[in-house]
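Make a model of the complete structure from these sequences and hints.
Protein chains in written order, with this note's numbering: chain X, 1 to 262; chain V, 1 to 262.
One should not assume that every hint holds.
Any copy, or any two copies together, can satisfy a pair, since identical chains are not distinguished.
[Claimed, not checked] Here are the simulated DSS-like pairs of lysine-lysine, each with C-alpha atoms no more than 25 Å apart in a straight line:
{"hint": "1", "residue 1": "259", "residue 2": "238"}
{"hint": "2", "residue 1": "156", "residue 2": "111"}
{"hint": "3", "residue 1": "112", "residue 2": "156"}
{"hint": "4", "residue 1": "24", "residue 2": "238"}
{"hint": "5", "residue 1": "238", "residue 2": "111"}
{"hint": "6", "residue 1": "259", "residue 2": "112"}
{"hint": "7", "residue 1": "8", "residue 2": "24"}
{"hint": "8", "residue 1": "112", "residue 2": "238"}
In case anyone wonders, no lab produced these hints; they're calculated from the structure.
Protein chains: 2
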Amino acid sequence: MTEIITGKDNPLIKRITKLMSSAKARREEGCFVCEGIRLCMDALYSGAEILCFCCTENAYNKYQEDAGRLEKAAKRSTLISPALFSRISDTRTPQGFLCIAAVRENIPEIKKGGCYVGLERIQDPSNLGTILRTAEALGAQGVILSGDCCDIYSPKVVRGSMGAVFRLPVLIVDDFTEYIADAGKNGIKTYASTPRDARSIAEADLSAGGIMLIGNEGNGLDDDTINACTMRVMIPMKGRAESLNASAAASILMYELMKAQP
Amino acid sequence: MTEIITGKDNPLIKRITKLMSSAKARREEGCFVCEGIRLCMDALYSGAEILCFCCTENAYNKYQEDAGRLEKAAKRSTLISPALFSRISDTRTPQGFLCIAAVRENIPEIKKGGCYVGLERIQDPSNLGTILRTAEALGAQGVILSGDCCDIYSPKVVRGSMGAVFRLPVLIVDDFTEYIADAGKNGIKTYASTPRDARSIAEADLSAGGIMLIGNEGNGLDDDTINACTMRVMIPMKGRAESLNASAAASILMYELMKAQP
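Laid out in structure tokens, this is it:
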């Protein structure tokens, strides 16, 4: 790499900034930014198409082997001055590594006996990232998101997911309630997490697998979605009747679903 | 309230800024800042001593009832200009409410049959806040923190805990490993979460209660601490062998501990 970009008005820099801040830009371009060595290598090893690799000269020299691999895989590679990198970075102490990766279509095949997570209007990128990471670690076969969840390719979600966004099959549906109702009609179990008229997740029969649904941080699942589900479940809470954080609740619910599988 | 503070060099403003950014200042003064209406009211209703209440004039008029209660309870109350409030606020869209609350000594009594969480060198304030919130919701009787965990009174932890810091008994110990070893000698069960030589948390006998231990985000528990525990447990993971986020793991581990209680 001989080219060094130093100016903030460079078209590539503008593109990166746009891709980091705008879900619309990511959707239109079909790509997103991964920052940090770990995420860049994760993208590469997960088979993501690397459209562009950028790093600082220092980082290039310090992590030669990884930089070399990314440079080889990327359609375009360039150096960026440290000052400019700090400016566009989403982190406080940037490592000086980023890439633009192409979104890959990877839709879960929803089938009986499989385990999935359904997320309705999750708004907090940290929650979404953690839920994706947990879903992958526990072995869920895919995630179904309502169209109004926050964008899974925002820098915070990508980072929080620890790369699960590269690998976990994800389906985004606009009419979430209808999708869940249809799944139920097709014999897929659907579990609404709600404190109302629900059975304890510790006692529910989850052995058939299905879709575990988690709702918005403030309001939970929509009533229509709850009514469309085949079962209602709740986490038994012995303490203060204050709801759990969405990602903490999701962890427990997914864990019980996975544990019930043979 | 007639006084309005507008200058950033005002001693109270400097004190608030210091208390928000410095764990040392919080320790020395024995107090911390709670921002937002919900947290301020939570502090009040949880019986915390309110040393100072500050709000913008707008917020005072908009939330008269709550403001009135805080004003009555607080040793000192003052208005702050909106521009100054934005400057000191830890959030992007400040509500214009904050208070300084006194730290209250509230140490858990560790006894047989009780359920507790032990945290060793947790570094991320969001993780710590979520773990405290989850511990309270699930009904843990207290938390034991190693002295090198991040400060529980930092704004991020206080916010993430949803006020659990006001109510949950917390003990901070400098020699964490020794404390855990002593607890074990005194007949308290201590569970080390570690992937090595551990039994599945789903199959472990947790009915005696005890202390569930969770370690640092990157490195887990210290070997010495693991060796000091009476049992090793792990979360069964069917997916990618990538560890769970510390707060996700803590949620599942605490949930299983609480579920096993009669």
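**Asked** Using 25 Å as the alpha-carbon threshold, which applies to residue 259 and residue 112: within, between, both, or neither?
**Response** within (16 Å within a copy, 29 Å between copies)
**Asked** Quick one: residue 24 to residue 238, C-alpha cut-off 25 Å, is that within a copy, between copies, both, or neither?
**Response** Close neither inside one copy (43 Å) nor across copies (34 Å); limit 25 Å.
**Asked** What label fits residue 259 with residue 238 when the C-alpha limit is 25 Å: within, between, both, or neither?
**Response** both (22 Å within a copy, 9 Å between copies)
**Request:** State whether the alpha carbon distance between residue 112 and residue 156 is at most 25 Å within one copy, between copies, both, or neither.
**Result:** This pair counts as neither: shortest intra-copy Cα distance 33 Å, inter-copy 42 Å.
**Message:** One pair to classify: residue 112 and residue 238, alpha carbons no more than 25 Å apart. Within, between, both, or neither?
**Reply:** between (33 Å within a copy, 18 Å between copies)
**Request:** Could you place residue 238 and residue 111 in one of the four classes (within, between, both, neither) given a Cα distance threshold of 25 Å?
**Result:** between (35 Å within a copy, 18 Å between copies)
**Message:** Cα distance capped at 25 Å. Does residue 156 pair with residue 111 within a copy, between copies, both, or neither?
**Reply:** Neither: 30 Å inside a copy, 41 Å across copies.
**Message:** At most 25 Å between CA atoms: does that hold for residue 8 and residue 24 within a copy, between copies, both, or neither?
**Reply:** within (21 Å within a copy, 39 Å between copies)
Of the hints listed earlier, those the structure fails to meet are numbers 2, 3 and 4, in rising order.
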